[in-house]
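> First to last, the protein sequences are chains A and B.
Heads up: the first sequence at position 137 corresponds to 137 in the numbering used here, and the numbers run straight through without jumps.
Heads up: the second sequence at position 157 corresponds to 157 in the numbering used here, and the numbers run straight through without jumps.
Don't read these hints as lab results, they were simulated from the structure.
You may find that some hints are simply not true.
Examples of chain B residues lying across from chain A (beta carbon under 7 Å, computed) [to be verified]:
{"hint": "1", "residue": "Ala-107"}
{"hint": "2", "residue": "Leu-108"}
{"hint": "3", "residue": "Leu-123"}
{"hint": "4", "residue": "Lys-127"}
{"hint": "5", "residue": "Gly-130"}
{"hint": "6", "residue": "Ala-131"}
All figures in this text were calculated on a predicted structure; none of them were measured in a lab.
Each residue gets a CB set at the ideal place from its N, CA and C atoms; glycine is no exception.
Letter by letter, the chains look like this.
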Amino acid sequence: MNIALTRTKAETALTEQFERIADALPGDARVLDARKSAIGTFASLGLPHRRIEEWKYTDLRQAVKEAGTASVTAGDASEAMLSAALGPLSGVDAYRLVFVDAQFNADMSRVPEAGVRFETLATALSSGEFDVASAGLRAGPSATGVVTLNTALMTDGAVLDIAPGTVLDKPLLIVQLKSDTSSTWTSLRSQIRVGKDAQVTILEAAVAGPDAAIGQRNHLTDIRVGDRAEVTHVIAGMQDGDTVLVNIVSTIGEASNYRPFFFTAGPTLVRNQLAVEFAGEDAKFDCSGAFLGRGSAHIDNTLIIDHAVPGGESRELFKGVLDDRARGVFQGKVIVRQIAQKTDGKQMAQALMLSEDSEFDSKPELEIYADDVACGHGSTCTEVEPDHVFYLRARGIPEAAARALLVEAFIAEAIEKIQHTDLADALGDVARQWLRQKAASTAETL
Amino acid sequence: MLEIKNLHVKLADEDKTIINGLSLSVPKGQVHAIMGPNGSGKSTLAYVLAGREDYEVTDGEILWNGEDILDMEPEERAASGVFLAFQYPIEIPGVAGMTFLRTAVNALRASRGEAEMSTPDFLKRVKAKGAELNVDIEMLKRPVNVGFSGGEKKRSEILQMAMLEPTLCVLDETDSGLDIDALRIVADGVNALRSPDRAMLVITHYQRLLNYIVPDQVHVLAHGRIQKSGGKELAQELEKSGYAEYVGRAA
């Protein structure tokens, strides 16, 4: 069936903007060709919409009404602005790679001295060696619309090579701080290569200064985890009102341990999509997330887990709190290929509904072609347990505080999955602040 | 002084009367026991005192120190000194016992206009109370009641009671599911809290608990009202004759 597509205002704007800024985008002629090809694909596909199975709960064409200006520059930012925007995360002792709007900011960054080679994407794109196509191919067909747009418009990002055996003493924070007071559409791409036996904790955070306009971010991170390497990879979306499209494309090596964590509190339209390919045997993938939504927030976490080799272990735990008309989406696709015997997969998605109008759509998809595997999935959707509330109130804890304590405990179970204690504590604080905003705003209306 | 006058209670979402004209007074400094067969309304009375929402009071009043508590929220009752030791303490995953207890202590302090207790002061106090009651406070590091044995749950209730220092203690079948050693620890804990300022209502099916917590008065509850009141010897009488006399008789 051919569907004649009328381009939406946002789609047209994005395509036109590419024409306008193409010359200002970094990269050599080869990269420019790749960008042109990508925008051509985007122009024919448009933003993903509900007729694409993987996007049936998250219709971007419908939801993205306006596109901000495709940004190629950086606005004014200061250390104080960054600290305030990071909130509790600013207290975590970490290396920092800071991107202000669309560009790297060297002054505010603290690059690790040993074991890590860093260059900006802007530099890498001009080197003639950067593989533009790889991430898109591994992201899978359902990501094409979003990834091609990223390819066409990407301005900067972190290109990191972590040497084999490196044990980074502090987490590495890759942060994008938005400062622009007019609405922008930013496109960052990072590429992280973690060498064999290395151990790192990476946090990617999307935050905003006090006067930054609400806008859109379309970010892609391509990560390869070497054999026996251990990587904690936290992705945090924290700007109120933002649209955040994240693609994590990962390939994990033999006996490696990759632990991604998606944290969302603030943005109103979110699609976190992660594709992981088990490239070496006996690797462990332990992915979890916490999502907090209120108002009309729509938060989608979609995973595509490809057990392509034997002996892999995958674990997913996502927990969300949904209030008002907020909607949560979890899609967990697990493919176990015929040769991937002894695969062990478990998946759980849980939502706590604070309002009658909230919605949670949870879709596990297990495609198993091997016969000696253990795979399970589960999903729950609950209200705060009245018995729990009564027990706390009977001990003198006022109802609002009792509910807050229970909701915090619910989300804490997911956050505890982050093994870096300072980072887990900081995100716990961010979650608590978010939850208490609600308590405060309810108190005002009473 | 606790005064329950002509109390009538039905289930909130069902047309079923459970308490049917119950009257009872417990002066400060006294321990009263309520005994009764299964289904007589014992646990309902405990829950109604604590303010659980599943019940509807259709008539009567409950006065605590002259104040009608039926209009109060559960937390307001707790602030006025009411404490229910649950027959089945609720398991709360994810909330550490220590956090729970400190939040409760500070909520009660806030209700009295007192400043928050600092963490070191709180810990010192928990340790002291734990030692006094022979309760291992290690269990407070775990989520509230999660995976606790029956005995641990009841000891945890008594420790909470000691920390919150209520003036009206309602113990709902605190003896159920306890072996004799656990029973003794729990009973010692309760006895340690007996004081001239405190009224206690001990609800039990069996007389056994009353060997350890000796009551000033015993009331027999059946068919939703007090059928007989007497001294501690009434409990021994019931132990011999059972509840047959009360079960068969229409209210």
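> Would you mind marking each hint as holding or not holding in the structure?
Evaluated hints:
no.	hint	result
1	Ala-107	5 Å, holds
2	Leu-108	4 Å, holds
3	Leu-123	18 Å, violated
4	Lys-127	20 Å, violated
5	Gly-130	17 Å, violated
6	Ala-131	22 Å, violated
In the structure shown, a violation is registered for the earlier hints numbered 3, 4, 5, 6, in ascending order.
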